[in-house]
Amino acid sequence: MLSRGYEAVVGVACPEEVVRAEFLLAGLGVAGQAVPLLRNGCAHTRFSLEALSEPLAT
0 MLSRGYEAVV GVACPEEVVR AEFLLAGLGV AGQAVPLLRN GCAHTRFSLE ALSEPLAT
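What the sequence shown shows, in numbering that gives the first Met the number 0, is residues 0 to 57, in sequence order.
FYI, nobody ran anything at the bench for these hints, they're computed from the structure.
Don't be surprised by glycine CBs; every beta carbon is placed ideally from N, CA and C.
Check before you lean on any hint, since a few could be wrong.
[To be verified] The following label-pair restraints were derived from C-beta to C-beta distances: (1) N39 x S2: 32 to 42 Å; (2) S2 x L37: 27 to 37 Å; (3) R45 x R19: 16 to 26 Å.
The task is simple: from the sequences and hints, build the whole structure.
Set out below in structure tokens:
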């Protein structure tokens with residue numbers, strides 16, 4: 000991410016991965032916004048497209 004010069008990222012993930020990403024991004028000095036999955040688990044689940052569009056619009 001740093002080699003491409005990203006200032007921020009938006010990710011869709013399960014809660015466990017969101018926590019991991021927060022620590023990784025903080026260590027890199029990159030801002031992050033998470034869109035959590037709607038059900039527990041990391042496979043065969045869903046997320047809200049509306050929730051994803053909010054951080055992308057700003």
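Results of checking the hints against the structure:
1. N39 x S2: 32 to 42 Å: For S2 against N39, whose Cβ atoms are near 34 Å apart, the range 32 to 42 Å holds.
2. S2 x L37: 27 to 37 Å: Holds, since S2 and L37 (Cβ atoms, about 33 Å apart) stay within the stated range.
3. R45 x R19: 16 to 26 Å: Holds, since R45 and R19 (Cβ atoms, about 21 Å apart) stay within the stated range.
Checked against the numbered hints above, the structure breaks none of them.
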